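Q: Those protein sequences? They're chains R and A, same order as listed. According to the working numbering, the first sequence is numbered sequentially starting from 1. According to the working numbering, the second sequence is numbered sequentially starting from 1.
It is possible that part of the hints are untrue.
Stated by the list, open to error - A few chain R residues that face chain A, going by a derived Cβ cut-off under 10 Å, partial list only:
#1 LEU72
#2 GLU177
#3 ALA211
#4 ARG252
To be verified - Label pairs and their in silico Cβ distance ranges:
#5 R:HIS244 / A:PRO36: 15 to 23 Å
#6 R:GLU155 / A:VAL250: 33 to 41 Å
#7 R:GLU291 / A:ASN37: 31 to 39 Å
#8 A:PRO87 / R:ALA263: 20 to 28 Å
#9 R:ASN37 / A:GLU264: 46 to 54 Å
Source of the hints: derived by calculation from the structure; they are not laboratory data. Keep in mind that this is a model prediction, so the values were computed, not measured. We put the beta carbon where it would ideally sit given N, CA and C, even for glycine.
There are 2 protein chains.
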Amino acid sequence: MKDMVQKLAIVGAGMIGASWAALGSAHGVAVSAYDPNPEAEARFLSHVERARTQLAELGLTGDGAVSFSTDLAAALDGAGFVQENGPENEAVKRRLLAEIDALLPPGAIIASSTSALVRSAIVADCERPERIVVAHPFNPPHLVPLVEIVGADVEVVARAADFYRALGRRPVVLNREMPGHIANRLASALYREAVHLVEQGVASVADIDAALCNGPGLRWALMGPHMTYHLGGGEGGISGYLAHLGPSQVRRWQSLGNPSLDAEVQAKIVAGVAEEAGGRSIAELELRRDEGLLALLKARTLVSD
Amino acid sequence: MKDMVQKLAIVGAGMIGASWAALGSAHGVAVSAYDPNPEAEARFLSHVERARTQLAELGLTGDGAVSFSTDLAAALDGAGFVQENGPENEAVKRRLLAEIDALLPPGAIIASSTSALVRSAIVADCERPERIVVAHPFNPPHLVPLVEIVGADVEVVARAADFYRALGRRPVVLNREMPGHIANRLASALYREAVHLVEQGVASVADIDAALCNGPGLRWALMGPHMTYHLGGGEGGISGYLAHLGPSQVRRWQSLGNPSLDAEVQAKIVAGVAEEAGGRSIAELELRRDEGLLALLKARTLVSD
């Protein structure tokens, strides 16, 4: 990019913050992180180290300096881009963004990683809301490419998208804000039916999970639902699909479940996940997920676009 | 497997039938295919050839003989397992399965690839319905591992699952029949929200597709939704997730859309897919999908289980 950001500030140095920091550093960007809790530092630096080791496997061996501070103004000093990863609480984020906005010169962009809150609510107390975007990543952000962007100023959004592209991300710009943005809404719709199938005893939690990742999930690592149906429509493509199978798709929609997440269903899910995990700890499962993501990302680079 | 099937009969020699045939052949199983249309033969054999070339890339170089006949009884002769891939029409499948059932000795298993019909309806005219299962694959069946099995006899279901496992598939057995089985219900739930986002103009068709395959879709090639939320719940895992974020998941469910697939929405989708395809033909897109699936399947074998 023409005006590559020289310094990225990370506000909120938990797992997501550490992942963003590693991504910036591996692309040669200097990173300064802020967290009010001094005890966050050690864990932050060790998460950054682990993520950088993974990024090195993808050939990303940049070495931007990474620093940590419990002083917000110090962390923001000289930053051209801020990625905020504070708690998912509207009042807290609103205050935090206003504070960042007040400390930074006008040219810098502020991005919030919020997954559940909408931009209009959290920028409400800012003096320059137009330079603030939502830029929602997927866990873990240093490996999963998607960044969903919501903004109010076309030029700011374009500059933010350029920045994420320079970090090897795939920005998707929303035309207007929606709770849950795009991808979590799709995930939530799918999960509702997954819970319905558990509730109805159609299959075990492990088998429902296996059905996804050995079936449509595998294809969805390559193409989205519209393109998938385009290829499922035979020679007529998506228009053939909609003409011939559209009505049965609509009937299917009407048959989908509307489960509750009551104590009984929750207990079924918890027991089913325990069975699926088979004694593996969350740390072990995360490691396997990250290994898997690295392997898939390497595999995808081999496929012609 | 102990009693490996020596001969697989394929009934209905379209794309799905050819894909099953290639899979069997590449595992050293002799395959005899039936189709009433003599003109199906050339295309069938060329599809089998292409699929076998792809399977060879996965190290599957078995060489079971593949034959084609327009005579059902001849194709079924000596088959221990039948995979039916006739038209998705209840009356047609019902008649076809009854015909196969009448021609085959009792020990053989008959599996229907049906995606949209339920087992109880299509076995209604069979004399030995207990040896008939639904075994629904995902397109293309020689690459996507999932096979969803619905049956009435535990022993038949277990033998069928063993057969598919011997072909390198991942069988998932349903406890009871459901229209759309498991995976297409999950896909349908997700698609409803994808169409809603198109209808509401939140993003382009291409960007909604990109959001899936660069975000949750990538993770879902490795693990299903329950395990994904287990890893999204922090140290508390899935029980922590359900306790803290369950209520917001339920609120999200209530906010999901219920779009129509009317002419206007269909036109938006068709135009959006055309833009996304960028001039690439369906054959080119299929080739890219298959290349991608091959690369992902190879990558997954490298990840510890």
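Q: Decide, hint by hint, whether the structure agrees.
A: Do the hints match the structure? See the list:
1. LEU72: For LEU72 of chain R, the interface hint is violated, since the closest Cβ of chain A sits about 24 Å away, which is over 10 Å.
2. GLU177: Nearest chain A Cβ about 9 Å off; hint holds.
3. ALA211: 4 Å, holds
4. ARG252: 4 Å, holds
5. R:HIS244 / A:PRO36: 15 to 23 Å: 21 Å, holds
6. R:GLU155 / A:VAL250: 33 to 41 Å: 38 Å, holds
7. R:GLU291 / A:ASN37: 31 to 39 Å: 47 Å, violated
8. A:PRO87 / R:ALA263: 20 to 28 Å: 46 Å, violated
9. R:ASN37 / A:GLU264: 46 to 54 Å: Given range 46 to 54 Å: holds, Cβ gap about 52 Å.
Of the numbered hints stated above, those contradicted by the structure are hints 1, 7, 8, listed in ascending order.
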